[in-house]
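Undergrad: First to last, the sequence lines map onto chains W and L.
Taking my numbering, the leading residue of the first sequence gets 36, the next gets one more, and so forth.
Taking my numbering, the leading residue of the second sequence gets 21, the next gets one more, and so forth.
Derived from the structure by calculation, the hints contain no laboratory data.
In this text the structure is predicted, and so the values were computed from the model without any measurement.
All residues carry an ideal CB built from backbone N, CA and C; glycine is no exception.
Take these hints with a grain of salt, some might be off.
Restraint ranges, calculated between C-beta atoms of paired labels, are given here [stated by the list, open to error]:
| no. | chain 1 | residue 1 | chain 2 | residue 2 | range |
| --- | --- | --- | --- | --- | --- |
| 1 | L | Glu216 | W | Lys91 | 25 to 33 angstroms |
| 2 | W | Lys91 | L | Phe129 | 36 to 44 angstroms |
| 3 | W | Arg177 | L | Arg244 | 14 to 22 angstroms |
| 4 | L | Ile128 | W | Asn233 | 56 to 64 angstroms |
| 5 | L | Phe47 | W | Ala152 | 29 to 37 angstroms |
| 6 | W | Glu286 | L | Asn233 | 38 to 46 angstroms |
| 7 | W | Arg265 | L | Glu193 | 42 to 50 angstroms |
The list that follows gives simulated cross-link-like pairs (lysine-lysine, DSS-like), each with its CA atoms no further than 30 angstroms apart [unchecked claim]:
| no. | chain 1 | residue 1 | chain 2 | residue 2 |
| --- | --- | --- | --- | --- |
| 8 | L | Lys264 | W | Lys127 |
| 9 | L | Lys256 | W | Lys282 |
| 10 | W | Lys169 | L | Lys223 |
| 11 | W | Lys127 | W | Lys54 |
| 12 | L | Lys175 | W | Lys115 |
| 13 | L | Lys206 | L | Lys256 |
| 14 | W | Lys169 | L | Lys175 |
| 15 | W | Lys205 | W | Lys154 |
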Amino acid sequence: MAFETSDKKTFIQTKQRDKVFGYHDIEGFQAEIGEYRMRTERTGPFYRYIRENGDKIEKDISVEKGRFIINPVEPVNTPKNVTNFLQIKFRKPFLAEPKSSVDVYATFPVEIAVFIAAKKSVGIVDIFSLQKPKYTLYGNPRDGIICRYWESDLYSEIPRLDRYREGVIKLRIVNSDTEWIEVKNAVFDIYGMKIYYNDEIVYSSASINIISPKVAETKFIEQPLEEKMRKALELYTARRIAVTALKFVMEWGL
Amino acid sequence: MIDVLNYKLYGDVTVYDVAVVVFVMAFATIIAKIVTTNLRRALIDKMRRDQLELMLKIIYFGIIIIAFIAVLPALGLNLSGLLVAGGITGIILGFASQSVVSNLVSGIFLLWEKPIKIGDQISIDGVMGFVEDVNVLSTIIRTYDGLYVRIPNEKLFTSNITNYVAHIARRFEYVIGIRYSDDAEKAIKIIKKLIEEHPFVLKNPEPQVFVDNLGESSVNIIVRVWAPSTEWYSVKMEMLWKIKTELEKNGIEIPFPQRVVWFANELRANVSKEEGRQT
């Protein structure tokens, strides 16, 4: 099993973009990520949030004193939310040894959310992404699910990526079966996804527990790469009643 | 006043008992309304609308039925007697109101079988639109042009129902005709690129683009793509125009119907020198 090495990916880092993730004062706010430019203007009693990338999006925000929080969020929101599942398709299939456990790294698309925080409450202002979104069907049209589609290589060590475009997800692949099993993709329920970030990387962690050659159980793990990483605000936590387990059973093939 | 309240209507049941029953039932109805209204507000963005409506109906009628059972003794009725009487009454009522009972039973089966749910887009006996509500006696449809249509559940139950969004994804297709002189492979490549770029044209099931037949006036390319059921109509509208403009940008045209006519005898034509005049 040959893994891609980290130096094969271009690591883009400019000083200007270093500190976009995190807290920003609403007064005089200005930031730039890729082709996206964001700023605020004072318009009477409101602040006007403006985001441009050829198109222009404007929102009036009624706030006396507040701060923006910009951080990566679960990648199922652009161009609109139609699902809460993410499928990571491996460019090269992974052959898992019987009764084994191995950690590999894959990538996931980064979507960026702008939150407004005031009076101990947080609201969403904007979500965008530097990645072109694509969706797919996992399973059949009757019982299957729509998923955000993403292709990734598997890496043996943490790849260095443009954190505004791609995040790194550690996958613990556990083969509980007694056979060699080929894994071509992983599907996750985005509820429960924990995203962490620092000045260099956007990071998440998950496990794939292979139960049989056609069935696996996936779930996100709450585990940052290092202690000092910031935890991103999540969109998919309290919006619906948490009666469903945070595990997802891949029953339509690996 | 007290005498009036103690006035016996039948058996031991007094006016006071009936007043208590009316008050309790009114109170139960108000409580049921308050509970369901607050639950709707609290859960509207946390549950699927059809499940929420079903749950609210169960809670609403549950409260009223519990209150009714609780006040029955005040009316001098006991449940065992009522069951026997109810059985006989049920038979009488069943014959008397056959269509109502039929609709009710159909409604219960529909709620159980769930071929449709609130918010679905369906077609039934030529009526197409959104399901607004599924009641025990009838189902309410809002047609695409905004009309209110009430369909009795009995009719719904015995009709062919087409639910456009019952499955998570659906396929649609276009037939794109290009000129015989155009490069079909290039056209296919352009169409595939457009398909790949659209977020809601699903990666899997894989889209199909191929030359289907050689028509009278054009080479016909079939484009078959899958999209999420919630998005398919907007994708369908968007993609066709994109394909047309992109093909034209690349010099590939969609031809008008044409026919080559051969004359058995040589056709003589005289072209006069006068501008624009032909014979």
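Undergrad: At the C-beta level, are Phe47 of chain L and Ala152 of chain W separated by a distance inside 29 to 37 angstroms?
TA: violated, 45 angstroms
Undergrad: At the C-beta level, are Lys91 of chain W and Phe129 of chain L separated by a distance inside 36 to 44 angstroms?
TA: violated, 53 angstroms
Undergrad: Within a Cα-Cα threshold of 30 angstroms, do Lys169 of chain W and Lys223 of chain L meet the stated pairing?
TA: Between Lys169 of chain W and Lys223 of chain L the Cα gap is close to 7 angstroms, so the pair holds against 30 angstroms.
Undergrad: Given a hint of 42 to 50 angstroms, does the C-beta separation of Arg265 of chain W and Glu193 of chain L actually sit inside it?
TA: For Glu193 of chain L against Arg265 of chain W, whose Cβ atoms are near 48 angstroms apart, the range 42 to 50 angstroms holds.
Undergrad: Quickly compare the C-alpha distance for Lys256 of chain L and Lys282 of chain W to 30 angstroms and report which way the hint goes.
TA: Roughly 34 angstroms separates the two Cα atoms, so the pair is violated.
Undergrad: Given the hint of 14 to 22 angstroms, is the C-beta distance from Arg177 of chain W to Arg244 of chain L inside that range or not?
TA: holds, 18 angstroms
Undergrad: Keeping to a limit of 30 angstroms between CA atoms, is the pair of Lys127 of chain W and Lys54 of chain W held or broken?
TA: violated, 34 angstroms
Undergrad: Does the alpha-carbon distance linking Lys205 of chain W and Lys154 of chain W stay inside the 30 angstroms limit?
TA: Violated, at about 36 angstroms.
Undergrad: Do the alpha carbons of Lys264 of chain L and Lys127 of chain W lie within 30 angstroms of each other, as the hint requires?
TA: Answer violated: Lys264 of chain L to Lys127 of chain W is near 36 angstroms, above 30 angstroms.
Undergrad: Taking 30 angstroms as the top limit, are the C-alpha atoms of Lys169 of chain W and Lys175 of chain L close enough?
TA: Not satisfied, since the Cα-Cα distance of roughly 41 angstroms exceeds 30 angstroms.
Undergrad: Starting from the hint 56 to 64 angstroms, judge whether the C-beta atoms of Ile128 of chain L and Asn233 of chain W obey it.
TA: For Asn233 of chain W against Ile128 of chain L, whose Cβ atoms are near 58 angstroms apart, the range 56 to 64 angstroms holds.
Undergrad: Taking only the CA atoms, is the gap from Lys206 of chain L to Lys256 of chain L under or equal to 30 angstroms?
TA: Distance ~22 angstroms between Lys206 of chain L and Lys256 of chain L Cα, so the pair holds.
Violated hints for the displayed structure, listed by number in ascending order: 2, 5, 8, 9, 11, 12, 14, 15.
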